[in-house]
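For the record, the sequence lines run as chains P and X.
Each residue of the first sequence is one higher than the one before, starting from 13 at the first, in the numbering used here.
Each residue of the second sequence is one higher than the one before, starting from 2 at the first, in the numbering used here.
Hints are computed from structural coordinates only; laboratory data are not their basis.
Everything hinted at is true.
From the derived model, a few chain P residues whose C-beta atoms are all more than 12 Å from chain X:
no.: 1; residue: A142
no.: 2; residue: R145
no.: 3; residue: A266
no.: 4; residue: G289
no.: 5; residue: I302
no.: 6; residue: I315
no.: 7; residue: I389
List of simulated lysine-lysine pairs, DSS-like, C-alpha gap at most 27 Å:
no.: 8; chain 1: X; residue 1: K93; chain 2: P; residue 2: K358
no.: 9; chain 1: P; residue 1: K358; chain 2: X; residue 2: K133
no.: 10; chain 1: X; residue 1: K74; chain 2: P; residue 2: K358
no.: 11; chain 1: X; residue 1: K133; chain 2: X; residue 2: K93
no.: 12; chain 1: X; residue 1: K174; chain 2: X; residue 2: K223
no.: 13; chain 1: P; residue 1: K358; chain 2: X; residue 2: K147
no.: 14; chain 1: P; residue 1: K358; chain 2: X; residue 2: K141
no.: 15; chain 1: P; residue 1: K68; chain 2: P; residue 2: K248
no.: 16; chain 1: P; residue 1: K201; chain 2: X; residue 2: K174
no.: 17; chain 1: P; residue 1: K358; chain 2: X; residue 2: K279
no.: 18; chain 1: X; residue 1: K223; chain 2: X; residue 2: K86
no.: 19; chain 1: X; residue 1: K74; chain 2: X; residue 2: K144
no.: 20; chain 1: X; residue 1: K223; chain 2: X; residue 2: K63
Note that the Cβ used here is the ideal one computed from N, Cα and C, for glycine as well.
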Amino acid sequence: MEALFHVAPYTGYVYPNETVIPWTVMIVIYPYLTGLVAGAFTMSSLYQVFGMQRFKPVAHFAMLTSLCCMIFVPMPLLLHLGHPERALNPMITPHTTSAFAVFGYAAAFYVILLLMENWFVFRPHIIQQAQQRKGLLGLFYRVLTLGSYDVSEKAMSYDRKWIFALAVVGIPGAHGLHGYVGFVFGSLKSREWWSSDLMPPIFLFSAIISGVALLIVLYVLSCKLRKVPIDLDCVKGMAYTLWGFMMFALMLEAVEFASMMYRGREGIEMILQYVTGPLVIPFWTVQLGICSLIPLLLLSTMIWRGTRGKALIAGVVASSMLVLVGVLMMRWNVVVGGQEISKTGKGLLTYHMPWFEQESGLTAAIILMAPFILLTIAVRLFPPWEDGKAAH
Amino acid sequence: MENTVEKLEEEGRRKFLRLFGGVVGGGGIAIAAGTLLTEAAATEAPAKTDIIPAIPGYDWTKHHWAFGVDATKCIGCLRCVEACKVENNVAKDPNHFRTWVERYVTLEGEEHARIDSQQDPVNIAAAGAEGKYRFANRYKDAKVEKAFFVPKLCNHCTHPACVQVCPTGATYKTEDGVVVIDHTYCIGCQYCVQACPYGARFFNEEKRVTDKCTWCYHRITKGLNPACVEVCPVSARVFGDRNDKQSPISIFLRNNRVNVLRPESGNAPNVFYVGIDKEVS
Numbered sequence: 013m014e015a016l017f018h019v020a021p022y023t024g025y026v027y028p029n030e031t032v033i034p035w036t037v038m039i040v041i042y043p044y045l046t047g048l049v050a051g052a053f054t055m056s057s058l059y060q061v062f063g064m065q066r067f068k069p070v071a072h073f074a075m076l077t078s079l080c081c082m083i084f085v086p087m088p089l090l091l092h093l094g095h096p097e098r099a100l101n102p103m104i105t106p107h108t109t110s111a112f113a114v115f116g117y118a119a120a121f122y123v124i125l126l127l128m129e130n131w132f133v134f135r136p137h138i139i140q141q142a143q144q145r146k147g148l149l150g151l152f153y154r155v156l157t158l159g160s161y162d163v164s165e166k167a168m169s170y171d172r173k174w175i176f177a178l179a180v181v182g183i184p185g186a187h188g189l190h191g192y193v194g195f196v197f198g199s200l201k202s203r204e205w206w207s208s209d210l211m212p213p214i215f216l217f218s219a220i221i222s223g224v225a226l227l228i229v230l231y232v233l234s235c236k237l238r239k240v241p242i243d244l245d246c247v248k249g250m251a252y253t254l255w256g257f258m259m260f261a262l263m264l265e266a267v268e269f270a271s272m273m274y275r276g277r278e279g280i281e282m283i284l285q286y287v288t289g290p291l292v293i294p295f296w297t298v299q300l301g302i303c304s305l306i307p308l309l310l311l312s313t314m315i316w317r318g319t320r321g322k323a324l325i326a327g328v329v330a331s332s333m334l335v336l337v338g339v340l341m342m343r344w345n346v347v348v349g350g351q352e353i354s355k356t357g358k359g360l361l362t363y364h365m366p367w368f369e370q371e372s373g374l375t376a377a378i379i380l381m382a383p384f385i386l387l388t389i390a391v392r393l394f395p396p397w398e399d400g401k402a403a404h
Numbered sequence: 002m003e004n005t006v007e008k009l010e011e012e013g014r015r016k017f018l019r020l021f022g023g024v025v026g027g028g029g030i031a032i033a034a035g036t037l038l039t040e041a042a043a044t045e046a047p048a049k050t051d052i053i054p055a056i057p058g059y060d061w062t063k064h065h066w067a068f069g070v071d072a073t074k075c076i077g078c079l080r081c082v083e084a085c086k087v088e089n090n091v092a093k094d095p096n097h098f099r100t101w102v103e104r105y106v107t108l109e110g111e112e113h114a115r116i117d118s119q120q121d122p123v124n125i126a127a128a129g130a131e132g133k134y135r136f137a138n139r140y141k142d143a144k145v146e147k148a149f150f151v152p153k154l155c156n157h158c159t160h161p162a163c164v165q166v167c168p169t170g171a172t173y174k175t176e177d178g179v180v181v182i183d184h185t186y187c188i189g190c191q192y193c194v195q196a197c198p199y200g201a202r203f204f205n206e207e208k209r210v211t212d213k214c215t216w217c218y219h220r221i222t223k224g225l226n227p228a229c230v231e232v233c234p235v236s237a238r239v240f241g242d243r244n245d246k247q248s249p250i251s252i253f254l255r256n257n258r259v260n261v262l263r264p265e266s267g268n269a270p271n272v273f274y275v276g277i278d279k280e281v282s
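Please model the entire structure based on the sequences and the hints provided.
As structure tokens, this is what we get:
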């Protein structure tokens with residue numbers, strides 16, 4: 013029998029009700045997934061909107077990745093809600109002053125946008141398959157054609173216009189969605205650890221780096237699996253993108269942290285105690301040291317020395333994997349960290365993540381893996397590869 | 002011929018898509034703009050409504066409830082905590098409270114007060130069991146310079162941060178000044194728990210919704226006092242209608258210079274304190 017609630021150990025003085033941590037690991041992976049969505053979309057728009065040809069090999073794949081992640085974004089929230097069957101209440105009767113009330117609309121809007129964009133992108137493939145295939149899979153593609161089999165040049169140019177327009181709208185859409193996730197935390201005045209105007213851009217830039225890093229890893233992995241040569245120029249471009257956005261992300265985080273310390277408002281002693289105590293491993297060592305500085309130095313060195321070939325790929329992939337862990341740790345340190353510092357400013361709590369419950373490490377792992385299981389199916393149904401080779 | 006029909010259909014579909022895209026895109030922008038605007042106006046007082054709660058003989062437009070705490074009187078007997086738990090069927094464990102009492106003890110030579118409340122393990126041990134409440138005599142051998150108790154509860158703020166963030170409007174401020182939660186509409190996201198700077202809200206594990214003090218709304222609308230006020234043996238807790246100039250709270254506010262907790266939060270609490278020290282927040 014699962015415990016009804018978990019009591020968080022604490023030191024100092026905390027409000028009695030604070031001893032049950034409200035937001036669990038589910039709320040850690042929710043912004044993480046949303047960030048991957050926004051980041052992957054950024055990658056695809058660099059090609060679709062800004063016409064950067066070197067990103068062509070990953071442009072469609074990025075879109076598909078974004079969609080697969082987005083489908084699972086509501087999962088952690090639904091698992092967290094006390095009454096998931098009432099999940100639509102915020103959409104039926106939105107309370108307009110709530111930063112969270114618009115999430116349903118924003119997410120639904122973005123899902124529709126992603127579905128439409130993916131549909132236009134994969135339309136020629138859908139039509140081709142609908143005409144060739146029989147049976148259930150044939151029916152699946154025929155339904156997806158929505159009755160349109162027109163692949164004339166005129167129709168295609170029309171589609172391209174749509175793809176461009178949707179990608180343009182998608183940029184504020186994806187980034188707005190994620191900036192807003194940052195606002196959910198940054199707008200709360202009850203917690204000094206969250207309450208910051210810089211929270212939305214910090215969330216946004218860390219989202220972008222996580223999405224780019226994810227695409228680097230997935231692209232290289234997919235090339236290995238499909239046994240096709242890796243487009244070095246594309247990987248290098250993504251490495252530059254990662255490096256650039258990491259600069260922004262790290263700088264913003266540094267500025268935010270410095271401001272909080274420098275302002276030194278009420279409760280800063282407790283924050284200092286937290287930062288120099290429980291945060292030594294998860295924040296300073298893992299998030300900043302191993303997962304930010306090492307990839308930044310590695311990428312800088314490779315860019316400086318003009319590393320090429322297998323060494324470049326290995327270095328970039330290693331950096332990306334570290335960045336992916338680092339951004340997850342950043343989400344953890346923000347969401348859990350904020351709750352571990354008591355609102356009294358006179359005590360610290362400790363969140364212990366359970367492993368086998370509704371809101372546990374296991375569920376989090378399953379939700380984080382689900383988009384990629386879906387993606388392996390999706391790339392078979394809608395091959396996003398420029399080289400025309402199907403999935404292995 | 003067939004091609005023409007197909008072409009026309011195609012045109013129609015594309016027009017539809019264009020329209021649909023426009024509506025979706027426009028809608029998204031409108032929602033974003035709407036949120037920004039409403040966000041700015043978020044702390045305004047709730048609008049008057051024509052909805053009258055179905056409480057016989059009670060008109061919520063005629064009352065303006067407020068609460069007073071005289072910390073100089075509180076003896077830390079914790080009858081209020083016990084009464085609240087019983088009256089409102091609050092879980093008996095030491096992690097869920099609609100009201101609680103804090104003890105501030107400054108020992109000789111020490112800069113800061115030592116703070117504990119009834120949920121401290123030492124106090125639970127002294128009480129004998131969870132669900133019984135007593136402050137342990139833990140400072141009997143120490144040289145105490147200053148000591149006092151502070152009863153805490155929901156502040157029923159004029160600009161409640163918890164109401165502002167609720168995505169469904171399940172928690173709202175009544176016309177008579179009480180912040181309540183509709184347990185049949187709350188989705189249990191706990192955003193309000195995060196937003197409250199006072200730690201007054203908690204998650205009702207049984208009902209799977211957020212819970213908090215209602216100033217015993219079921220009692221006050223019948224002319225009774227909240228349970229905690231009723232049982233307080235020293236009248237440290239004061240309650241009443243500010244519209245009635247002779248009510249206990251009106252007299253309390255007239256006769257005392259009062260403080261509120263965390264005024265800088267902008268929440269404008271409606272629980273007024275007398276006799277609290279600088280360290281109380």
